[in-house]
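K.L.:
If you want the building blocks of each chain, they are given just below.
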Amino acid sequence: MQLNFNDESFRDDYSYKNSPEAIKRFPFPFSEDHYMYSVNIEPHAKGAKGSVYEYTFDVDEHYVSECLDKSVTLEQDPGRYAALPHMMTAQWDFLELAMTAMANDYPEYFTLTKNGNVWTWKNRPLEIIDTFTFGDATTLPYEPFEYMGRQMQGDFVLLDQRDGTLYADAGIVTSQADWSLAFNTGMSWQEWHGPVPKVTELGVLDRALKYLLNLQVANPVRRLNWTMTINPRLDTSPENYPLWAIDRKKVNDETVGDLVNLRVELQTLFRLPRSNAIVFGIRCYLASLKDIATYPRWAKRLHRVQKDLHPDLIEYKGMTTYHRYVIDWLAQFDDGEVLEYGAHPE
Amino acid sequence: MSTINVKVAAVEEVTPLIKHFRLESEDGADLPPFSGGSHIVVTMDAEGRTYRNPYSLMGSPSDTRAYHISVRRQESSRGGSVFMHERVQVGMRLKITHPVNLFSLSKLAHKHILIAGGIGITPFMSQIEDLKAVDADYELHYAFRSYEQAAFVNELEEKCEGKLYCYADSQNERIDLTELLRHQPLGTHVYVCGPSPMVVAVLETARNLGWPENNIHHEEFSAPPVGEPFKVQLARSGIEVEVPAEMSMLEAIEEAGVAADSLCRGGVCGRCELTVLETDGGIQHHDHYLSDSEKVSCRSIMPCVSRTKGKRLVVDL
Amino acid sequence: MERGYWIKSKPIYTSLTWHEKATSHLVLATGIGGMAVLKLFQQMHPTQPVTVLYGKYGQIELDYSDTLKSIIQDDLHLYKFEEDLLKKLQVLLRDATMGLRIYVAGSEGFIWDVVAAAKPFGIQESEIMKEQVDTLARTVYCVHCKTITKYVTTNITCCNGCERMLFVRDHFSRNLGAYMGLMVDAESPGELPAIEEIYP
Chain A
1 MQLNFNDESF RDDYSYKNSP EAIKRFPFPF SEDHYMYSVN IEPHAKGAKG
51 SVYEYTFDVD EHYVSECLDK SVTLEQDPGR YAALPHMMTA QWDFLELAMT
101 AMANDYPEYF TLTKNGNVWT WKNRPLEIID TFTFGDATTL PYEPFEYMGR
151 QMQGDFVLLD QRDGTLYADA GIVTSQADWS LAFNTGMSWQ EWHGPVPKVT
201 ELGVLDRALK YLLNLQVANP VRRLNWTMTI NPRLDTSPEN YPLWAIDRKK
251 VNDETVGDLV NLRVELQTLF RLPRSNAIVF GIRCYLASLK DIATYPRWAK
301 RLHRVQKDLH PDLIEYKGMT TYHRYVIDWL AQFDDGEVLE YGAHPE
Chain B
347 MSTINVKVAA VEEVTPLIKH FRLESEDGAD LPPFSGGSHI VVTMDAEGRT
397 YRNPYSLMGS PSDTRAYHIS VRRQESSRGG SVFMHERVQV GMRLKITHPV
447 NLFSLSKLAH KHILIAGGIG ITPFMSQIED LKAVDADYEL HYAFRSYEQA
497 AFVNELEEKC EGKLYCYADS QNERIDLTEL LRHQPLGTHV YVCGPSPMVV
547 AVLETARNLG WPENNIHHEE FSAPPVGEPF KVQLARSGIE VEVPAEMSML
597 EAIEEAGVAA DSLCRGGVCG RCELTVLETD GGIQHHDHYL SDSEKVSCRS
647 IMPCVSRTKG KRLVVDL
Chain C
664 MERGYWIKSK PIYTSLTWHE KATSHLVLAT GIGGMAVLKL FQQMHPTQPV
714 TVLYGKYGQI ELDYSDTLKS IIQDDLHLYK FEEDLLKKLQ VLLRDATMGL
764 RIYVAGSEGF IWDVVAAAKP FGIQESEIMK EQVDTLARTV YCVHCKTITK
814 YVTTNITCCN GCERMLFVRD HFSRNLGAYM GLMVDAESPG ELPAIEEIYP
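Chains as they are written, first to last, in this note's numbering: chain A, 1 to 346; chain B, 347 to 663; chain C, 664 to 863.
It cannot be assumed that every hint is accurate.
Simulated pairs of lysine-lysine, DSS-like, Cα-Cα distance not exceeding 25 Å [unchecked claim]:
| hint | chain 1 | residue 1 | chain 2 | residue 2 |
| --- | --- | --- | --- | --- |
| 1 | C | 732 | C | 673 |
| 2 | C | 684 | B | 457 |
| 3 | B | 457 | C | 750 |
| 4 | A | 250 | A | 317 |
| 5 | C | 751 | C | 813 |
| 6 | B | 478 | B | 457 |
| 7 | A | 210 | B | 353 |
| 8 | B | 353 | B | 441 |
| 9 | B | 509 | B | 577 |
| 10 | A | 317 | C | 673 |
| 11 | A | 49 | A | 24 |
| 12 | C | 702 | C | 719 |
| 13 | A | 317 | C | 750 |
| 14 | A | 49 | A | 17 |
| 15 | C | 743 | C | 732 |
| 16 | C | 673 | A | 210 |
| 17 | C | 719 | C | 684 |
| 18 | C | 782 | B | 457 |
| 19 | C | 813 | C | 743 |
| 20 | B | 478 | B | 441 |
| 21 | C | 684 | C | 743 |
| 22 | C | 782 | C | 673 |
| 23 | C | 702 | C | 684 |
| 24 | C | 782 | C | 813 |
| 25 | A | 307 | A | 290 |
| 26 | A | 46 | B | 509 |
| 27 | C | 751 | B | 457 |
It is worth saying that the hints were derived from the structure and are not from the lab.
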């Protein structure tokens, strides 16, 4: 497989675009006409060819531009990377997991050669070649977690397991849906989910935590989460909220289809072997409402989900200002046809 | 649960009661790395029944050529350890699970006090490797019946470089827990693995001295206790399973061909939890997972170690 | 309060009571927190050694020094400045052993200053008993410029660093000892809701 990497931007002129193939493999998150939080965790098993689940870490046409956007964000605010000192073993665990999986799944782009503890990593799309000693952080230009995190799409958080809970003790976070790594570093599972409405009542958090505490090395899991973002902007951080919040006001009947993006997070969780930590990957996929409407089935489904979304969730996801435009725009596609269960496009 | 096929590469009699097994992957590939304190579950196919026993990995976590486990022969057991002692030989194939760690070291501890009793030394063997790798402050206190019956003392003395303290019951040597735990600097964590009375004594001493719960760690894999036979009805599968006296409920359910989820098989992790729909005699909870109030309510059972006091139990499976 | 739900990261404080199981006790208080200490000493005195550090700084009428001196026969130390009290805390922790129990009474700012000072000694925040007295004033972390603004008593405050107007959320970071402040008029510049004193 050979991808053509897009030359595109996730800020300023927002030249980001999805090819028809990218739209077709978009991880549309709604299998039913109604949405509420649930413990929607499933094994992160190898999925269908061409799907976002085909490989451990999905690399797509946005790879190069996304890594570039990440480096810009990190340069402007180094606080988007943080790692507490006791997470160094987990950092190497992460690097090994990522390099092994990417070299194995995409041999045309990535190569890992091991000579004892001396490893050579080749990343062709980003034109990186480095030889380093596994376990010796001084032999890499960044800490191992940051080094590898910069060469991957999406955000990663390393969770330390202790006291019967999980602590967010390291992270590289540049494409987040409005949460702050600098503020959240060191928080426990319950604390960092503090602002999420409804989940406590539903018992979802406790059950998910119980499940994750027993997560096994060979059995990673995944779930989808979603929100909406104005413009295809990866960095919707609270840090830069003053830059992007104002865009919500630009949504109207004419602009909604282009401006409003469905933002889907493919969240993956892997147990790391040497550190017993967990890596929490949050990979963001963006598709404008117009992209979504390529497939009438998706447009109908999205319309119904949005129409009866709980007000607390609309508020929490920051959609209050423009949500009615979304519903009105999507209504044109919804003929009331009964849709069977499933998130497939056709 | 995904498993790994291994072959037995070496068997060594460490003491008359303890055997040490070296396991290598069947295809000669490296085994997955792990963290100190991890265990695997070994599946043993004996005639007529299957044993699945958890054993701590005691090799160095950085050595991925082989896994090492040690098994103490338990005459009172239901057969797993006897099978390992009598039947398992070099070259034999076994199935093991990936390592799981339910007894991990605290990465924030300023000092680690490790207390082992008898075969409870095994998880500490791998933990010491992790502690040495980061140059952590630790002490290992190892109690056993006699030097003749103690496993790995020489090996540990070499590894621990003066941080090993041995206590032989036969020479009237005892760990003075109060004295040991009273004078530890702030940020110390204590870990205990050994026979139940020892675990209880360490937990109680530490708590009485005001140690916070988060600084106290224990591993107590209860081998499934024997009990009275009973019948368990699986409501969703619509079948009834006989649980003999010397078999755990989980084992009996598995023997009956019903897929039940499980992980540690020692009443620790909670993975095998089943909802109790009916019971005529209450539950004998032997697990360390359910809270006291959950135990009293009798709405859940951990079939890997717990049983009913009555004749019949109905569960949602 | 943010409407509709309770943010779980917001700390919950209690009234001080002695831990029965301990090897020693360390009580820290400032200002009106002296009253919480006096109440603690109304309870059955523990058998283990007790040390009290009290900072009388703040308004003069909130000084409990004299009463504490007459009530407390244990090791009592009085301070004019918080930094001196915290320095003494660090000296004590250096030689302390497991089983030391810590109690704090004071403003939220003081409580989390103590937590931060104790953390390098391996003491977890959850092990420190905390009683919030006196003001409800909040320490606010500006998520945009990372500046900490102390003693915020209003729902909306001006950041000491970037001068943005910040809405004070209930989301609390134990690491920073601060609530999150988020620009309140980012969507509609200049449109400020009414500023009210809600953390007097």
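K.L.:
Each of the hints needs a verdict: does it hold here or not?
P.N.:
Outcome of the hint check:
1. Of the supplied pair hints, the one linking residue 732 (chain C) and residue 673 (chain C) is violated, its CA atoms being roughly 35 Å apart against a limit of 25 Å.
2. Proximity of residue 684 (chain C) to residue 457 (chain B) is assessed by CA-CA distance (about 21 Å); at most 25 Å being required, the pair is judged to hold.
3. Of the pairs offered as hints, the one joining residue 457 (chain B) and residue 750 (chain C) holds, with about 24 Å between alpha carbons and a cut-off of 25 Å not exceeded.
4. Between the alpha carbons of residue 250 (chain A) and residue 317 (chain A) the distance comes to roughly 17 Å, so the proposed pair stays at or under 25 Å and holds.
5. As the CA atoms of residue 751 (chain C) and residue 813 (chain C) are separated by approximately 23 Å, the hinted pair is consistent with the 25 Å bound.
6. About 12 Å separates the Cα atoms of residue 478 (chain B) and residue 457 (chain B), which keeps this hinted pair within 25 Å; it holds.
7. Note on residue 210 (chain A) and residue 353 (chain B): the hinted pairing is violated, with a Cα-Cα distance of about 33 Å set against a maximum of 25 Å.
8. As the CA atoms of residue 353 (chain B) and residue 441 (chain B) are separated by approximately 9 Å, the hinted pair is consistent with the 25 Å bound.
9. For the proposed pair residue 509 (chain B) and residue 577 (chain B), the alpha carbon gap of about 51 Å is over 25 Å, so the pair is violated.
10. A C-alpha spacing of about 20 Å is found between residue 317 (chain A) and residue 673 (chain C), which places the hinted pair at or below 25 Å, so the restraint holds.
11. Taking the CA atoms of residue 49 (chain A) and residue 24 (chain A), the gap is near 13 Å; set against the 25 Å cutoff, the hint holds.
12. Note on residue 702 (chain C) and residue 719 (chain C): the hinted pairing holds, with a Cα-Cα distance of about 17 Å set against a maximum of 25 Å.
13. With a CA separation close to 44 Å, the supplied pair residue 317 (chain A) and residue 750 (chain C) exceeds the 25 Å bound.
14. Annotation: proposed proximity of residue 49 (chain A) to residue 17 (chain A) holds, straight-line Cα distance about 22 Å (limit 25 Å).
15. With a C-alpha separation of about 15 Å, the suggested pairing of residue 743 (chain C) with residue 732 (chain C) holds against the 25 Å cut-off.
16. For the hint pairing residue 673 (chain C) with residue 210 (chain A), the CA-to-CA distance comes to about 22 Å; that is within 25 Å, so the pair holds.
17. With a CA separation close to 29 Å, the supplied pair residue 719 (chain C) and residue 684 (chain C) exceeds the 25 Å bound.
18. Distance hint between residue 782 (chain C) and residue 457 (chain B) is fulfilled; the C-alpha atoms sit about 15 Å from each other, no more than 25 Å.
19. Simply put, residue 813 (chain C) and residue 743 (chain C) have alpha-carbon atoms about 20 Å apart, close enough for the 25 Å limit, and the pair holds.
20. For the hint linking residue 478 (chain B) to residue 441 (chain B), the alpha-carbon distance of about 31 Å lies beyond 25 Å, and the restraint is violated.
21. Distance check on the hinted pair: residue 684 (chain C) and residue 743 (chain C) sit about 32 Å apart at the alpha-carbon level, beyond 25 Å; violated.
22. A threshold of 25 Å between alpha carbons decides the hint, and for residue 782 (chain C) with residue 673 (chain C) the separation of about 19 Å falls inside it, so the pair holds.
23. A distance of roughly 19 Å separates the Cα atoms of residue 702 (chain C) and residue 684 (chain C); the hinted pair therefore holds under the 25 Å criterion.
24. Under the criterion of a C-alpha separation no larger than 25 Å, the hint pairing residue 782 (chain C) with residue 813 (chain C) is consistent with the structure, at around 21 Å.
25. Of the pairs offered as hints, the one joining residue 307 (chain A) and residue 290 (chain A) holds, with about 18 Å between alpha carbons and a cut-off of 25 Å not exceeded.
26. For the hint pairing residue 46 (chain A) with residue 509 (chain B), the CA-to-CA distance comes to about 47 Å; that exceeds 25 Å, so the pair is violated.
27. Restraint check for residue 751 (chain C) and residue 457 (chain B): the C-alpha separation of about 23 Å stays at or below 25 Å, so the hint holds.
The structure fails hints 1, 7, 9, 13, 17, 20, 21, 26 (numbered hints given earlier, in ascending order).
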